[in-house]
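Enquirer: For the protein sequence lines, the chains are A and B, in the order given.
With positions in the first sequence counted from 1, the corresponding number in this note's numbering is that position plus 29.
With positions in the second sequence counted from 1, the corresponding number in this note's numbering is that position plus 239.
One or more hints might be untrue.
Claimed, not checked - Covered stretches of chain B (chain A as the covering partner; in silico rule of three or more C-beta atoms under 8 Å from a C-beta of chain A):
# : stretch
1 : 250-261
2 : 275-286
3 : 334-348
4 : 361-371
5 : 398-409
6 : 467-477
7 : 481-491
Keep in mind that the hints were calculated from the coordinates and are not lab data.
Beta carbons are placed, not taken as given, at the ideal position from N, Cα and C, and that holds for glycine.
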Amino acid sequence: MKQITIISGKGGTGKTTLVASFAVLAENKVIADCDVDAPDLHLLMHPEIVNKQEFKGLKVAEMDKTKCIECGSCEEACRFNAISITDGESAYAVNPARCEGCGACVFVCEQEAITLKERVSGYAFISKTKYGTMAHAQLNIAEEASGKLVTVVRNNAQQVAEEEGCELILIDGAPGIGCPVIASLTGVDLALVVTEPTMSGLHDLERILDVTRHFGIGSAVCINKYDINEENSKRITEFCRQRGVDVVENIPYDSVVTEAMVAGKPVVEFSDGAVSDAIKNIWKGINSSR
Amino acid sequence: MIISVASGKGGTGKTTVAVNLALSLPNVQVLDCDVEEPNSHIFLKPKIEGTKPAHTLIPKVNYDSCDYCGKCASACEYNAIVVLPKRVMVFPELCHGCGLCSMVCPQDAISEDPREIGVIKKGKSGDGSIDLVYGVLNIGEVMATPLIDQVKEEIDPEKTVIIDVPPGTACPVIAAVQGSDYCILVTEPTPFGLYDLRLAVEVLRVLKIPFGVVINKAGIGDRKVYDYCEEEGIPILLEIAYDKMIARWYSEGVPFVDAMPEWKERFAGIIGIYRTTRLHKINTEERK
Numbered sequence: 030m031k032q033i034t035i036i037s038g039k040g041g042t043g044k045t046t047l048v049a050s051f052a053v054l055a056e057n058k059v060i061a062d063c064d065v066d067a068p069d070l071h072l073l074m075h076p077e078i079v080n081k082q083e084f085k086g087l088k089v090a091e092m093d094k095t096k097c098i099e100c101g102s103c104e105e106a107c108r109f110n111a112i113s114i115t116d117g118e119s120a121y122a123v124n125p126a127r128c129e130g131c132g133a134c135v136f137v138c139e140q141e142a143i144t145l146k147e148r149v150s151g152y153a154f155i156s157k158t159k160y161g162t163m164a165h166a167q168l169n170i171a172e173e174a175s176g177k178l179v180t181v182v183r184n185n186a187q188q189v190a191e192e193e194g195c196e197l198i199l200i201d202g203a204p205g206i207g208c209p210v211i212a213s214l215t216g217v218d219l220a221l222v223v224t225e226p227t228m229s230g231l232h233d234l235e236r237i238l239d240v241t242r243h244f245g246i247g248s249a250v251c252i253n254k255y256d257i258n259e260e261n262s263k264r265i266t267e268f269c270r271q272r273g274v275d276v277v278e279n280i281p282y283d284s285v286v287t288e289a290m291v292a293g294k295p296v297v298e299f300s301d302g303a304v305s306d307a308i309k310n311i312w313k314g315i316n317s318s319r
Numbered sequence: 240m241i242i243s244v245a246s247g248k249g250g251t252g253k254t255t256v257a258v259n260l261a262l263s264l265p266n267v268q269v270l271d272c273d274v275e276e277p278n279s280h281i282f283l284k285p286k287i288e289g290t291k292p293a294h295t296l297i298p299k300v301n302y303d304s305c306d307y308c309g310k311c312a313s314a315c316e317y318n319a320i321v322v323l324p325k326r327v328m329v330f331p332e333l334c335h336g337c338g339l340c341s342m343v344c345p346q347d348a349i350s351e352d353p354r355e356i357g358v359i360k361k362g363k364s365g366d367g368s369i370d371l372v373y374g375v376l377n378i379g380e381v382m383a384t385p386l387i388d389q390v391k392e393e394i395d396p397e398k399t400v401i402i403d404v405p406p407g408t409a410c411p412v413i414a415a416v417q418g419s420d421y422c423i424l425v426t427e428p429t430p431f432g433l434y435d436l437r438l439a440v441e442v443l444r445v446l447k448i449p450f451g452v453v454i455n456k457a458g459i460g461d462r463k464v465y466d467y468c469e470e471e472g473i474p475i476l477l478e479i480a481y482d483k484m485i486a487r488w489y490s491e492g493v494p495f496v497d498a499m500p501e502w503k504e505r506f507a508g509i510i511g512i513y514r515t516t517r518l519h520k521i522n523t524e525e526r527k
């Protein structure tokens with residue numbers, strides 16, 4: 030079984046647009062949306078949820094104010110600034126958005142006023158779509174542990190792929206280079222990096238390629254909207270050549286991409302044209318090189 | 240005053256708004272808290288005056304006093320420390336640096352060592368008008384939040400502070416926006432833009448930070464973001480029409496207010512809207 034992750038470093042370069050189209054073009058695959066804090070792929074795949082799992086991430090400290098004598102030792106022990114007396118309040122309180130559930134406050138509290146509680150930090154889903162089975166998730170807002178939820182999604186996808194005898198897992202990654210991105214990259218066969226011909230795109234491409242190299246993951250690059258600045262596109266191509274990374278094919282700018290999104294459809298299904306042709310070529314290209 | 244610029248969805252124009260707003264106001268400090276992929280410096284072209292490493296703490300075991308009792312391992316919520324018969328293993332990428340292992344150790348055998356997670360750079364924009372501080376997360380590093388916290392320690396209370404927030408809705412976003420007086424949410428009028436805007440709005444409501452919306456690339460997509468803002472009573476602070484010239488300046492790393500100075504007034508106007516709505520709020524609250 031092969032796994033391909035589509036990532037970008039910079040946000041908004043077209044990861045989800047590409048993944049949705051690949052979902053149309055690829056056969057015998059499972060789709061996984063690993064952007065768990067701002068997932069968008071479902072807006073094009075229209076999944077029908079068949080399985081919903083609670084995701085328990087980090088624990089959270091809970092304070093019994095009746096036992097608290099306001100000694101302040103919890104505030105002092107907490108390195109995440111999650112416990113304080115907020116303006117206008119008279120007692121110590123835990124800010125769950127900052128609490129990382131370490132338990133240092135529980136340990137130092139002599140009044141046993143604080144306990145660690147499990148919390149539901151989000152949900153993982155397995156869904157049917159007209160394009161195949163999809164594993165996805167939604168992290169609750171203001172939660173930590175997005176990397177762990179990404180791993181849950183990937184495990185779900187792998188399990189489904191084994192049960193259904195699928196040969197491919199198609200993974201939509203998150204922007205950035207941090208925890209959730211690394212979790213979406215570990216052990217995959219190919220990272221396809223979507224970039225755009227802007228100085229920011231180039232800067233962020235460099236960093237994400239450093240990450241894939243760091244973890245020893247084979248990478249290929251495609252430049253989306255390459256014609257908004259062809260000079261920069263050349264620069265990116267040259268940069269990739271020097272790094273020994275393939276540039277598979279470039280996609281032109283076309284308002285049809287947004288129109289397809291508004292229609293809730295993958296662009297290759299929505300229209301024929303230069304964008305769809307380019308995406309089909311990319312798909313062919315990465316399959317022949319795999 | 241601290242203004243953060245956030246979005247939920249990536250690539251909607253946070254950095255564009257942060258940088259162009261900064262160039263439209265006097266006495267500004269920009270903090271780029273998108274430490275995974277910082278971009279503000281591409282546009283502000285700072286002369287770097289200082290770079291310092293950012294650290295978290297990881298446990299270090301003193302084997303002369305360790306008796307392998309295993310209390311550190313059972314206390315650790317992240318499974319970052321494992322005690323074997325004659326060895327203690329620490330997994331730095333799992334460690335949150337909370338210090339609990341060192342607190343619980345009956346032998347006092349655990350001290351803490353700094354571990355570099357990234358660097359913080361400081362400088363002034365090319366023309367000297369803007370102070371810039373930005374964090375750069377090390378490659379392969381998972382702990383973005385402590386670096387963001389350390390970037391924010393550089394806040395200059397004498398200045399109007401503009402924070403460029405990472406995309407998403409998870410902990411790095413909270414770390415970046417918390418403590419802001421106001422948040423500008425940048426979105427694009429598309430289904431993806433709207434879905435992620437709703438998530439970002441939820442975050443700000445949980446954090447009780449007042450906010451308004453800037454619609455970037457106006458004219459593409461549909462009207463649903465506008466309908467949503469109207470239903471929810473969210474002020475639309477500014478619309479930036481999709482414009483090939485603006486896209487071109489962006490691609491070159493040039494803040495478009497430099498090329499189109501008439502936009503400075505519009506950006507500065509965002510702060511005017513914030514001030515009047517805040518005044519309005521104070522007035523109505525006083526009346527109650």
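Enquirer: Now tell me if each hint is right for this structure.
Expert: Hint by hint, here is what the structure shows:
no., hint, result
1, 250-261, "holds (count 3)"
2, 275-286, "holds (count 4)"
3, 334-348, "holds (count 7)"
4, 361-371, "violated (count 0)"
5, 398-409, "holds (count 5)"
6, 467-477, "violated (count 0)"
7, 481-491, "holds (count 6)"
Against the hints set out earlier in the document, violations occur for numbers 4 and 6.
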